[in-house]
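**Student:** The residues making up each chain are set out below.
Number of protein chains: 2
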Amino acid sequence: MSFDSTVQAKAIELIKCSYEITGAAGSGHPSSCASLGHLISVLMYQHMRWEPSNPSHPASDRLMLSEGHAVPIVYAACADKGVMIGEDKERWKPMTKADALTLRQIDSRIDGHPNPKLGFPFFDAATGSLGQGLSVAAGIALAAKADGLDKRVFVLIGDGESREGQVWEAADFLRDHDLKAVCPIFNCNQFAQSEEVSKQQSAEVLVKKLEAAGFEVLVIDGHSPSEIRDALNRHAEVHEASDAAANGVAIVAKTEKGWGAASMKGNGHHGQAPKGEALEKVLAELEETGKATGAYALGGLKIPAMSPRKSNQKIDDAPMNFSVALKAFGKESALEQGKMATRNAYGVGLRALGHAKSDLFALDCDVRGSTGSAMFAGDEKVNDRFVECRIAEQNMMSVAAGLSAGGKIPFASTFGKFAVRGYDQIEMAIMSGANMKLVGSHSGATLGADGPSQMGLSDVGWFRGFTGLRNYDVEGKLKAGSGAGMYVLTPSDAYQCYALMREMMAWDGPCYLRTLRPETEFLYGDEDKFTLGGHELLIEGKDLLIAANGYMVHQANKAIEELDDLGIDVGVVDLYSLPFESEALLDYANDCGGNILTIEDNYCGGLGSAVTDLVCQDGGGFTVNQMYVKRMPKSGLSADNVLNYVGLGVDDIVREAKEVMGIED
Amino acid sequence: MSFDSTVQAKAIELIKCSYEITGAAGSGHPSSCASLGHLISVLMYQHMRWEPSNPSHPASDRLMLSEGHAVPIVYAACADKGVMIGEDKERWKPMTKADALTLRQIDSRIDGHPNPKLGFPFFDAATGSLGQGLSVAAGIALAAKADGLDKRVFVLIGDGESREGQVWEAADFLRDHDLKAVCPIFNCNQFAQSEEVSKQQSAEVLVKKLEAAGFEVLVIDGHSPSEIRDALNRHAEVHEASDAAANGVAIVAKTEKGWGAASMKGNGHHGQAPKGEALEKVLAELEETGKATGAYALGGLKIPAMSPRKSNQKIDDAPMNFSVALKAFGKESALEQGKMATRNAYGVGLRALGHAKSDLFALDCDVRGSTGSAMFAGDEKVNDRFVECRIAEQNMMSVAAGLSAGGKIPFASTFGKFAVRGYDQIEMAIMSGANMKLVGSHSGATLGADGPSQMGLSDVGWFRGFTGLRNYDVEGKLKAGSGAGMYVLTPSDAYQCYALMREMMAWDGPCYLRTLRPETEFLYGDEDKFTLGGHELLIEGKDLLIAANGYMVHQANKAIEELDDLGIDVGVVDLYSLPFESEALLDYANDCGGNILTIEDNYCGGLGSAVTDLVCQDGGGFTVNQMYVKRMPKSGLSADNVLNYVGLGVDDIVREAKEVMGIED
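Heads up: the sequence lines are chains U and L, in that order. Taking the working numbering, the leading residue of the first sequence gets 29, the next gets one more, and so forth. Taking the working numbering, the leading residue of the second sequence gets 29, the next gets one more, and so forth.
Hints in this document: simulated from the structure, not taken from any laboratory. Note that the coordinates shown come from a computational prediction; the quantities given were computed from them, not determined experimentally.
Since copy identity is lost for identical chains, a pair holds within one copy or between any two.
Below, a list of computed lysine-lysine pairs in the PhoX-like style, where the Cα atoms sit at most 20 Å apart:
1. Lys-505 x Lys-658
2. Lys-145 x Lys-658
3. Lys-125 x Lys-109
4. Lys-658 x Lys-507
5. Lys-117 x Lys-507
6. Lys-505 x Lys-145
7. Lys-173 x Lys-342
8. Lys-319 x Lys-309
Construct the complete structure from the given sequences, taking the supplied hints into account.
**Tutor:** The following block contains the structure:
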């Protein structure tokens, strides 16, 4: 029993440390940590192939703590092993017990929940909003497969957490893509925050559900080191055999919340961090548990070596021009017609970028024919990097985050409306520093016939929140020139769409591209340059500046003729990016007497508010009138039908402009 | 075989109509409709107890078309039966075939996807974003249970759609709450938009998954009328037996996409609406199918009568005052201390409102101890109306929508961060006209120690989008005085929190209440009035108006002393509601020389942009500087730690105010 007692001794040491550091912080979830003591000890000290001196090594096995609140047990192990921490690799230093005791402090890298971006590179993604880890792990495994890396990804999932539907989306995804490198481990400690975990998430029912989803399920005592070891070895065996017909392995570990200390067992101790005498009592109880079970021996555990990293031939060429791509991919007709829907430009662009860069991946949720990504999926030169995620948006967003953690550049597309479903996953990815490119098609009311359940209208307001974030260094100084926390891009034509996709790919950070269902006429060409944060003055004016994007640029162009007849000299600026460069815009507005009319095909809080925020800072007496979707849309046979219905028709623009300029009907 | 041939004849008639009306619209999903022809015929003509003349009757069985894109088959049946349509009950009229042929037209009630609010009262909720129907049905069944109604709810779910994790959250919820009145029917037609449905969603695997989740699963040929009838009868039998130990019944129907017309079968016909000759061909094929299978007889089907509605004693009293509630519920200590966290005020308020109104329901996702709803859950007088939803936010939001459809007033709480997970469900509920009260606790960076994965920061920007929506009548005229599409409420103290909860309950529409983790001092009392759309001038000023809400009001109050010493006369307005009444605010700002400083503890696009939007319309030369969260937060031991980190500390406010007023350090 020397292995069992050695692990037990280590587990008790780590659990004690979890109590000490949460006690010092005054908050945390040490009873959850206690349920994971043995699992973490076997994984991090004996089974996983990794290097404490390089915890983010691409070839190393990965640990995904989906139940992020249990992170102190991992911090305890990392402090013990001297795992490197710090925001910049150049300034990494080995973690100490003293570091662990700074848990949750404002100047500490040891945050309340896992977060690589805050200086803890052992982790691949921020967790803490539950149910996402298995999906992120799937993305990491996909990236590893593409790179010929043999690494495995271990995911610790709480039983209460497994109520999140995303866990089951991820399980299906693992089976669809045969990702046996991922090892889901369910930590069944039976207690959630409020009460006992539902019977629907009992170990017995989880086993049935996993078997139904096509897993070989191993049920173990999560406090038995040898049972843990044997189960992990079985996972390794099945992974190595790489038999596509075989089922993947999942582990259901029966554990005890508050294991080892009677005063922390059972219900009512979730999120409880004992201090003072209560803490002393817990530590003494753990000491006793160790003695009673003979857990004295320490040492004797050894982290195995990583598999060698395979060389990987990468393609990284300059992408072709858009007009070349149209010809190369059989879309010359668009050149003749002089128009194309930006969602189709997305499809063409995705192929072109995929040919140029082997790190690019395209993901979609069973709407590839609508988003344009079907063009990528149908191209044999690139479609080994197409990831069909089926109708499960939450999982897709987290898989994309995992691909990013694995060094890939994921372009994930679905209807803008359906992407809303993955917002929490996107927010966690942004927090993690993921390099994700999100694409919402069918944005705005121009979708027409299918109606509001399919229209992306609430998206701009949400994504704009992140555009206000800036990058700061550890000392709290703004990192100049490091870009915004997010770029929201609404191209008005196909050329601009592709040019922006190139910029998205070149920049290391999150972007959201909004594409349109209807065709729009070409406004630009291959030679036009567009940037993240840029804008384009299309028409100079003297009386009124219309600021618009996407389809609304074309609506503005149509309104202009009539306004011209009325003697109103209107300028038009294509504000395709949020945020945007502000000084030039103020100049254009000043040229127009300070009169601005913003037009956007979404709910309020997007382009219009970005403009008002800007001009109010300046205080120069601008007037901004806004047109946006103020009425819940419905179906209409054409884009014009619906635009007129919601008040964004050409006549509405003319009327509004006249009103702004004080011209009576 | 007379029943079978009668149903088959009806199914063919409805399928033909689906083709005709989608052909007329030029878009739609008739091949999906065809797979449902027999199921809809048996349900709507022979099994469901309902009244075409009163399609939203509370006692009638309900049909939830979760796969909303298949709605033309239901429209076909409703046109045949003359089901009442129209936005106002007073102006309902029976639907005709001519109405059906206006499918998707801008002035038609026959929208592209199901939507009760657009004039189709047969449905309870807008569907079309997939995977939500089963959860809404669960909410309807909960409401019916509370009202002693015997109705059943039939939910048609696509096989591809069943990849959505929410479907499985809902399945677990049905089992947890023993809601056997809900009958999930999986329509396994094997084809999704892009390709064949994943094996993970095959009929065989769905059966295993449903059995694992604790259902009695009946596998039927979805085109066999008698098999459909027998399965539905078995569901009725199990429902009527109401044996808590028995499993609920789920039906897995094997169907054919494009059934009955060879030219529409198999892959590649999703979302295809044949016109002209292609349409003629399909109709002829269906005619042949009818002849070949002997489906001539029409008539002979009869809708059964509804169960009688039981009388239901309702409580609808005036709620007690907050200070009375504090005493009644053992929280007098707050009165002595003069402070209370708004999340706890929420808990107290929920009990008080629950005692006053028997239609109020409280829902939570396993964080009741944190959100405050544990106080309601622990009160025996009301807790039969507490709904523990476990860790599954998507399902909770849709269950709340279902409760609203059942005439209840749901207050659904979780961390503001986790509520993000249910945004698409909330958007669909808003579209449906649901009367939902959403509560996001732990809003802002003041949460402190747990870190950004638990902080509600992106919420305001998203919800604000809906505040710009207004109600219009059928003719497109603004309905004056009908309120905004959404109210976002961030109370600064416990009294205000409770007063706003009373307003939320009294108003028939969606609201989002943001509560705080830390305690805040009392600023108000029982006598203070707050309204949806209101604000409160706390301090009159002459030099600078600070507009803030929630915790930031207290930060502003702290900053004011120092600013006063510097000779800056600062006014403070508590902008607790978005939208807010604008004229008075402009007056206050004018009194302060047009200088405004907004402070909000969330990402950009909230209160600050609401103010800039307003003043820019006025054009009166205001200057607005904004303070919001510009840096991704991290953990810190106190609220102050994190506020200083993100630039919302008291010193930051003083510095910003000085800068605005041109006072150098």
